[in-house]
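2 protein chains.
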Amino acid sequence: MEHVLQYIDDHADEFIARLQELCRQPSIAAQNVGMEETATMVAELLRRIGAEVRLVSTPGYPVVYAQIAGPPGGKTLGFYNHYDVQPPEPLELWKSDPFAAEIRDGHIYARGVADNKANLVSRICAVEAYQRVKGSLPVTVKFIAEGEEEIGSVNLKTFARQNAELIACDGLIWESGYKNHGGQPVSSLGLKGILYVELHAHGANSDAHSANAAVLPSAVWRLVWALNTLKGPDERVLIPGFYDNVRPATDAEVRLLEEMPLDEEAWKSSLGIDSFVLGLTGMPLKEKYLLQPTCNLCGFGAGYTGEGLKTVLPNTAMCKIDFRLVPDQDPFKILDGLRSHLDDQGFGDIEIKLVDADWAQRTDPGDPLVKAVVAAAKRVYAKPPVVVPTMAGSGPGYTLCGELGIPSAGAGTGYYDSKAHAPNENIRIADYIEGIKHIAVLLEEFARV
Amino acid sequence: MEHVLQYIDDHADEFIARLQELCRQPSIAAQNVGMEETATMVAELLRRIGAEVRLVSTPGYPVVYAQIAGPPGGKTLGFYNHYDVQPPEPLELWKSDPFAAEIRDGHIYARGVADNKANLVSRICAVEAYQRVKGSLPVTVKFIAEGEEEIGSVNLKTFARQNAELIACDGLIWESGYKNHGGQPVSSLGLKGILYVELHAHGANSDAHSANAAVLPSAVWRLVWALNTLKGPDERVLIPGFYDNVRPATDAEVRLLEEMPLDEEAWKSSLGIDSFVLGLTGMPLKEKYLLQPTCNLCGFGAGYTGEGLKTVLPNTAMCKIDFRLVPDQDPFKILDGLRSHLDDQGFGDIEIKLVDADWAQRTDPGDPLVKAVVAAAKRVYAKPPVVVPTMAGSGPGYTLCGELGIPSAGAGTGYYDSKAHAPNENIRIADYIEGIKHIAVLLEEFARV
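Top line first, the protein sequences correspond to chains D and S. Under our numbering, the first residue of the first sequence is numbered 1, with each subsequent residue one higher. Under our numbering, the first residue of the second sequence is numbered 1, with each subsequent residue one higher.
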């Protein structure tokens, strides 16, 4: 194995350049920018390591599927990634072009570098290194790289149902993983679900002079009042039944949370905040973060928000809400609950548009895959790995794993300040190289467990 | 006088072209577009009717001041107008370019045509017609055309204090006037005051992945909750003391309101609404519209409002609020009250930025100016004129009239569906020609009263 690790060190510059090249290719799913080009580029990267590659078309963006056979009768390890990225806005807050992949002080800055291009490329590089040094792989590997993760993996459900045999594996390495403030690699065993909706309020048939505000219904005020019935400053979501199906944490999950280091001061400092919501700290903070659902406002748009004074009564108002869900909340029941709640509160006029809905998913902490990920991490990283019961984020975990009975665990190259989805998204180059090594060793560990 | 009216009919095409030309020159004060060019163009229009013109510079946009002397010892009639316009956005809702001044079905469509370019040009044309036919004017006339009305007349206060002798007159015709659904010309005797503020909420030091919403403070939610403490669905403003100084309506004002025709069905139909706020109708609707203050949301901006799914926890949120005030509410006391109220409700972190503040103003319905405006209207218009105690809108009435003891009354060329401040702003050409005639006759009537 030492030779594999040496190969990775020897080829670090090349692996970094490969990542920069992919980051320089924009792939903004929400805005349909560069998607086909990026899928083709990912397919080419996989072909260059000898994989059998298929571009599986969907009604949206293609899924890149790739396979390299290991020993007959051996295990199969899957890698799930996505090649799409979030929109880069607000552009004025970036210190360098989000698609320049600029290197500064040992970091690579780019939209999508942390989420999820470095993880995707690190796995390709790991497989390449193992093959080049050892001649063949100890397990069959499969790559599934979709192009719609950032827009809710809209077509992945159909892909998964139609291609269960392509996905089938003994364990799937999830798209993400990161280093915490203490330098420990963090592996997550699950994902929150999501319900993403837009609320639309309507007033008169056009914007009006705001002098009419005394007597004309206001779309903006109605949306403000409606939102206020959803969640108050106590952070409790007021949709009846919202918490009914929240599964209590298992003993194993509670233990993982207890063992999970969390440098609250460093986290707060990196965020520039004085305290977390409700002044939470310790176990209640961890539980709220990972095991509780959310109701977040992603955006609110109405009327004139430019410079200077414009006195207008806008006739429409819109907001985007994401609820992050936990097992066993049903996103569709919550959508129904939201409709009933708005109706009951006198906001039957407010329109709900469903954007995305998915269930949460978690893997048993005792699964062999988890053991292999931990064992590999211990061999590569200076600090002991941390396993957490779930990420705070969402993804198609239920689609690819929960529904198909496949265990999953995270591994990746980000860190606590990677600013995924935010301006100046970045990874540290040293983490990237270690991430490649972790996957290379994992190939061997997974063959053993 | 018949010859003056005939002259106006004979020169209608030229007067229309003159207005189109001014409308085709953008003059967006909030965005500093075309302001100097427009001031120069207005000055030239005034010079062409023989006025002594001064461009009075201010720290912002110049005030165009002009004067034409009447008989010695005679009365002086002032005209207040503004040459700036509101921003034209949202552009996609215009049926023709907002600066094309397109004529369709007897209407001129342009940003600023109703508010306030047609009124300005109609007064210039009226004075021209009177002079050409009669040789000289029966009163001295003064024109004051500022370039900052749509951004709160920020520099007009200083201009007025430094140039009281320029403004001095026996009556000032206010910038606006319109025809109601019944075809009657409406003259207003006052203006509401205004307090325009921005509220800014701040969260972490940058946008974050919305997975963090379980524990990170949200700027958007805080702004929603703060707004909810300002006004609820009962439309009552909850800032303590907000209504304390609202002056009760005089008997004369109540009578004007009672006499004021209001075709509620036609108004609702033109707005596309089923009912006014709180289901108001009749006198309570009129009183709320004209004699009560407002709290309107002009705009709300936060996070991602583009297409598709972006899961983000925005770190800032902003809204623009305009309060329309009535006599004798003090905008600065209300600003202080807003700060205290937010503090008391636990929103001390929300920043208030003052954009504009001005008092309300009203003229006594018994003033000679009002009599002259009514008498002139009766000679020109087919339908009897309507006098209302105040407009629902705001303007520098206190600055130019209230503070200097000058009576004012409105007269103008708009109509009930002119869509001021909104897409497809327009006037009817027939109203424009009648408006020119009204001002021409008014010159004579005002000399008499």
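No lab work stands behind these hints, which were simulated from the structure alone. Predicted model, so just to flag it, every value in this text is computed and none were measured. Among the clues, some could well be false.
Pairs involving identical chains hold if they fit within one copy or between any two copies, as the list cannot separate such chains.
Said to hold, decoys possible - Here are the simulated DSSO-like cross-link-like pairs (lysine-lysine), alpha carbons at most 30 Å apart as the crow flies:
| no. | residue 1 | residue 2 |
| --- | --- | --- |
| 1 | LYS95 | LYS353 |
| 2 | LYS95 | LYS371 |
| 3 | LYS95 | LYS378 |
| 4 | LYS378 | LYS333 |
| 5 | LYS142 | LYS353 |
| 6 | LYS383 | LYS333 |
| 7 | LYS353 | LYS288 |
| 8 | LYS353 | LYS383 |
| 9 | LYS157 | LYS95 |
| 10 | LYS268 | LYS353 |
| 11 | LYS268 | LYS95 |
| 12 | LYS134 | LYS353 |
| 13 | LYS288 | LYS142 |
| 14 | LYS95 | LYS288 |
| 15 | LYS95 | LYS134 |
| 16 | LYS157 | LYS268 |
| 17 | LYS353 | LYS378 |
| 18 | LYS95 | LYS333 |
Intra- versus inter-subunit Cα pairing at 30 Å for LYS353 with LYS383: Neither: 46 Å inside a copy, 49 Å across copies.
Copy assignment of LYS142 with LYS353, given that the CA separation must stay at most 30 Å: This pair counts as neither: shortest intra-copy Cα distance 36 Å, inter-copy 56 Å.
Intra- versus inter-copy proximity for LYS333 and LYS95 (alpha-carbon distance at most 30 Å): Result: close neither inside a copy nor across copies, 43 Å intra and 42 Å inter.
Within, between, both or neither: LYS95, LYS134 at alpha-carbon 30 Å: neither (42 Å within a copy, 69 Å between copies)
Alpha-carbon proximity context of LYS288 and LYS142, limit 30 Å: neither (35 Å within a copy, 69 Å between copies)
Alpha-carbon proximity context of LYS95 and LYS288, limit 30 Å: Neither way: LYS95 and LYS288 sit 33 Å apart in one copy and 51 Å across, limit 30 Å.
Intra/inter-copy verdict for LYS95 and LYS371 if alpha-carbon distance must be at most 30 Å: neither (40 Å within a copy, 65 Å between copies)
Alpha-carbon proximity context of LYS157 and LYS268, limit 30 Å: neither (37 Å within a copy, 47 Å between copies)
Homomeric proximity label, LYS268 with LYS353: Cα distance no greater than 30 Å: between (34 Å within a copy, 28 Å between copies)
Within, between, both or neither: LYS353, LYS288 at alpha-carbon 30 Å: Intra 27 Å, inter 35 Å, cutoff 30 Å: intra-copy only.
30 Å Cα threshold - placement of LYS333 relative to LYS378: neither (42 Å within a copy, 65 Å between copies)
Alpha-carbon proximity between LYS353 and LYS378, which holds within one copy, between copies, both or neither at 30 Å: neither (46 Å within a copy, 54 Å between copies)
The structure is inconsistent with the numbered hints 2, 3, 4, 5, 6, 8, 9, 12, 13, 14, 15, 16, 17, 18, although it conforms to all the rest.
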